[in-house]
Amino acid sequence: MELQKFSYDNKVVKYFAYATVIWGIIGMLVGLIAASQLAFPQFFNDYLGFRYISFGRIRPLHTNAVIFAFVGNGIFMGVYYSLQRLLKARMWSDKLSYLNFWGWQFIIVCAVLTLPFGITSGKEYAELEWWIDILIAILWVVFGLNMFMTILNRRVKHLYVAIWFYIATFVTVAILHIFNSFELPVSFFKSYSWYAGVQDALVQWWYGHNAVAFFLTTPYLGLMYYFVPKAANRPVYSYRLSIIHFWALIFIYIWAGPHHLLYTSLPDWAQSLGVAFSIMLIAPSWGGMLNGLLTLRGAWDRVRDDVMLKFMVVALTCYGMATFEGPMLSLKNVNMISHFTDWTIAHVHIGGLGWNGMMTFGMLYWLFPKMFRVKLYSKKLANQHFWIATLGIILYAIPMYIAGFVQGLMWQDFKPDGTLENPEFLETVTALAPYYILRTIGGLLFIIGAVMMFYNLIKTAKQGNFLANEPAEAPNLRISPEKVTAGKHYWHRAIEKRPVRMMLISILVVAIGGLVEIIPTMVVKSNIKTIDSVQPYTALELEGRDIYIREGCYNCHSQMVRPLRFETTRYGEYSKSGEFVYDHPFQWGSKRTGPDLAREGGKRDNVWHYRHMLDPKTVSQGSIMPAYPWMFEKNSLDLSLTKRKIEAMRTLGVPYKKGYENIAKQEALKQAESIAELIVEYQVSKLPKKEQAKVNKNLKVQEVKMQEVVALIAYLQRLGVDINRDEKAKPAQTAEK
Amino acid sequence: MLRFISHNLTSIDGVAIFPILSLLIFTTFFAFVITYVMRMRKAHIDEISNIPLDDEDDHTDIMKFK
Chain C
1 MELQKFSYDN KVVKYFAYAT VIWGIIGMLV GLIAASQLAF PQFFNDYLGF RYISFGRIRP
61 LHTNAVIFAF VGNGIFMGVY YSLQRLLKAR MWSDKLSYLN FWGWQFIIVC AVLTLPFGIT
121 SGKEYAELEW WIDILIAILW VVFGLNMFMT ILNRRVKHLY VAIWFYIATF VTVAILHIFN
181 SFELPVSFFK SYSWYAGVQD ALVQWWYGHN AVAFFLTTPY LGLMYYFVPK AANRPVYSYR
241 LSIIHFWALI FIYIWAGPHH LLYTSLPDWA QSLGVAFSIM LIAPSWGGML NGLLTLRGAW
301 DRVRDDVMLK FMVVALTCYG MATFEGPMLS LKNVNMISHF TDWTIAHVHI GGLGWNGMMT
361 FGMLYWLFPK MFRVKLYSKK LANQHFWIAT LGIILYAIPM YIAGFVQGLM WQDFKPDGTL
421 ENPEFLETVT ALAPYYILRT IGGLLFIIGA VMMFYNLIKT AKQGNFLANE PAEAPNLRIS
481 PEKVTAGKHY WHRAIEKRPV RMMLISILVV AIGGLVEIIP TMVVKSNIKT IDSVQPYTAL
541 ELEGRDIYIR EGCYNCHSQM VRPLRFETTR YGEYSKSGEF VYDHPFQWGS KRTGPDLARE
601 GGKRDNVWHY RHMLDPKTVS QGSIMPAYPW MFEKNSLDLS LTKRKIEAMR TLGVPYKKGY
661 ENIAKQEALK QAESIAELIV EYQVSKLPKK EQAKVNKNLK VQEVKMQEVV ALIAYLQRLG
721 VDINRDEKAK PAQTAEK
Chain W
1001 MLRFISHNLT SIDGVAIFPI LSLLIFTTFF AFVITYVMRM RKAHIDEISN IPLDDEDDHT
1061 DIMKFK
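Protein chains in written order, with my numbering: chain C, 1 to 737; chain W, 1001 to 1066.
These are computed hints drawn from the structure, not numbers from a lab. None of the values given here were measured: they were computed from a predicted structure. Just so it is clear, CB atoms sit at the ideal spot from N, CA and C, and this is done for glycine as well. Hints may be right or wrong, so weigh each one.
What the hints assert, rightly or not - In silico DSS-like pairs for lysine-lysine, Cα to Cα no more than 27 Å straight-line:
{"hint": "1", "chain 1": "W", "residue 1": "Lys1042", "chain 2": "C", "residue 2": "Lys230"}
{"hint": "2", "chain 1": "C", "residue 1": "Lys375", "chain 2": "C", "residue 2": "Lys230"}
{"hint": "3", "chain 1": "C", "residue 1": "Lys230", "chain 2": "C", "residue 2": "Lys332"}
{"hint": "4", "chain 1": "C", "residue 1": "Lys700", "chain 2": "C", "residue 2": "Lys617"}
{"hint": "5", "chain 1": "C", "residue 1": "Lys379", "chain 2": "C", "residue 2": "Lys230"}
{"hint": "6", "chain 1": "W", "residue 1": "Lys1042", "chain 2": "C", "residue 2": "Lys157"}
To be verified - Facing chain C, from chain W, some residues (calculated, C-beta under 7 Å):
{"hint": "7", "residue": "Ile1017"}
{"hint": "8", "residue": "Val1033"}
{"hint": "9", "residue": "Ile1048"}
{"hint": "10", "residue": "Ser1049"}
{"hint": "11", "residue": "Pro1052"}
Said to hold, decoys possible - Residues of chain C placed beyond 12 Å of chain W at every Cβ, according to the derived structure:
{"hint": "12", "residue": "Tyr15"}
{"hint": "13", "residue": "Arg51"}
{"hint": "14", "residue": "Lys230"}
{"hint": "15", "residue": "Tyr239"}
{"hint": "16", "residue": "Thr295"}
{"hint": "17", "residue": "Val313"}
{"hint": "18", "residue": "Ile402"}
{"hint": "19", "residue": "Ile507"}
{"hint": "20", "residue": "Ala693"}
{"hint": "21", "residue": "Val721"}
Let the hints inform the model, and build the full structure from the sequences given.
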């Protein structure tokens, strides 16, 4: 048998490993800032009220950094290490490997340089603007191409199950990312989602849910199937189970997206479908978890000594907890309490800190000594990291579970006379203060652990001797298959085809779920009972909406009144699908740190909003909402893009009247003036009598109307009022049918 | 209350086919995978599941560098 000599590329793995640790710590720190803002709102408002770190901008940065920078680099690290060894082949192209590395870091830097500046597409977990989306797609293809060519040029007969998971990850993330990112650019820094309202929501959560499935779960399951057997030094418990695990998981996961939209305006059948498949998901998820844990059968004594195994065991346990909890949360009666509360936050952090975090730490502790050919610098420190991280997860999750329960139940409480027990939404937020503080401490512990690990790894690297190109040898299967197969000649063609076949079946399996869910909803477009009185936004309202998106208001405020008594009593009429037909993108939100805004229009006067945005506490005592002083800066209202925005909206199907784009700016200024007049009137009335006469009201109005906040107020006052509008009264911006 | 929402769908012709079809596809596929897995040979399974452990030429085994 001819043995071929080659080498594994360890350098790219090392690069990704460092990126994982560094971005991980940064992403977690950003999360800590966001958590601290909720725990100590007063301190942040008084001393750190910078626009670039306000909660609505920082929270997307945290989620994006942790998902795509920390876990993303973690995926590449693990895949580039294990893939080469499982295939007995070096990565196909070093150039593509390093393009993958540097390109990915560039994208992360782009995210860091856009999100804090309010440059966002306003869709959760997909906030990055259109040109970054294109870069991501290109880089993902680079990764996929490199992986696929390596698979095709391998020196082993079979594809180990881990590689199946990698393939499914690649194809599905590509599909999800591309379909969810259809957007129409207005400028370099601004675009609108191609879809609107219900469709946008469904596509977004089909993406959002499956980003969890195929970015945070399947690649890590693949890594688990490699690293756990490695660490335990025994094969996986049941290879048969792993095959069922794989197919069942990728098949079922893709259907479950609608469980994020229970009780919303999404069609009922789609909601039920989402629930049914979510429940089914328990089976493959737990199959995978048990397969991992049972691999340690007869080797549990090692868990006592091997710190990597400790991390893996906790990771698998957290995976099991999160995947049991997920289906439970998708039950409507549970979801009624949990949705929009911190329960969801607890749930995702069991997955994020527990499953992804601990698994990544385990891999890092295993890879560094291997690649640097030296023992870990301090086993004791690693053990301390393990305990402090575990404690951090507990301290994070438990308070958030309690907070979720407390708030969810407080929303539902009725007095015997049929009125709400807690009519003020704020009461249900201030009740959570202690839990927010505890959560912050939990997060802090977790970060301290990560920093300890960083120190430990650097020390290990310093002591060791890095092996950049690890020599290996294997029979060249492609040249002499006969000798290897001992008489069986038929498989040669099959293996060359198999990875391609595997990819095609994966696409098919994933596509079925997506299509069955999405086609009917697209068909619904022509079937949605459009509500005649629902009209496009005015130019000023549209600008206000973009400010709402820029500030990330959707991170704390939903726009979706569910058809439940305790919701309609608190907020008013429940939301209808026809109300969102002009919402590119939809802004339903997924968390209520503040109250729902779907029926905000007309509830409070303009002056209230003006004062509230300047300093929420002056009108809403105890509020934890940040102030937005930058919306009050002179001439901050920028209408230079208004015309193009109206044109873009028309391209997307919003029925603006012909020529409206040409008068849009004047119309916007006119509307702004009418709002500014009321505000100035109030401001003057608050002055001492003597000074009132001295004020040049007109000058003041001209000043106020050019503040951004006026546009935002116009938008807020429009929310949810259309269904009560007189159908015959067509506003100026609307085209005649 | 949900009838107000579900009316969107009742207006699509034959919408009931979607959930039924999805259940059928899923069941068939699942049955196929189970059969396939049950029919796999033990020797074959052992071979594949040992792939991650098959690294005799491991140049990074720390035991060698102690």
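Satisfaction of the Pro1052/W interface hint, Cβ to chain C closer than 7 Å:
With a minimum Cβ separation of about 5 Å from chain C (threshold 7 Å), the hint on Pro1052/W holds.
Distance rule for Ala693/C, whose beta carbon must clear each one in chain W by more than 12 Å
55 Å, holds
Pairwise hint evaluation, Lys230/C against Lys1042/W, where the allowed Cα distance is 27 Å at most:
Judged against 27 Å, a Cα distance of about 21 Å means the pair holds.
Just checking, Ile402/C versus chain W, shortest CB gap more than 12 Å?
At roughly 30 Å from the nearest Cβ of chain W, Ile402/C sits farther out than 12 Å, so the non-interface label holds.
Mind verifying the non-interface call on Val721/C? Its CB should be farther than 12 Å from each CB in chain W.
Holds: least Cβ distance 19 Å, greater than 12 Å.
Non-interface label on Val313/C, tested against every C-beta of chain W at 12 Å
For Val313/C, whose nearest Cβ neighbour in chain W is about 18 Å away, the distance exceeds 12 Å, so it holds.
Does the claim that Thr295/C lies off the interface hold, with its Cβ farther than 12 Å from every Cβ of chain W?
Answer for Thr295/C: violated, closest chain W Cβ roughly 10 Å.
Classify the label on Tyr239/C as holds or violated, using whether its beta-carbon is more than 12 Å from each beta-carbon of chain W.
4 Å, violated
Tell me if the straight-line CA distance from Lys375/C to Lys230/C falls inside 27 Å.
Roughly 17 Å separates the two Cα atoms, so the pair holds.
Can we trust that Lys230/C is non-interface, i.e. its beta-carbon lies farther than 12 Å from all of chain W?
6 Å, violated
Taking 7 Å as the limit, does the beta-carbon of Ser1049/W come near enough to a beta-carbon in chain C?
Holds, about 4 Å.
Compare the distance between the alpha carbons of Lys700/C and Lys617/C with 27 Å, and conclude whether the hinted pair is satisfied.
25 Å, holds
The structure is inconsistent with the numbered hints 3, 7, 14, 15 and 16, although it conforms to all the rest.
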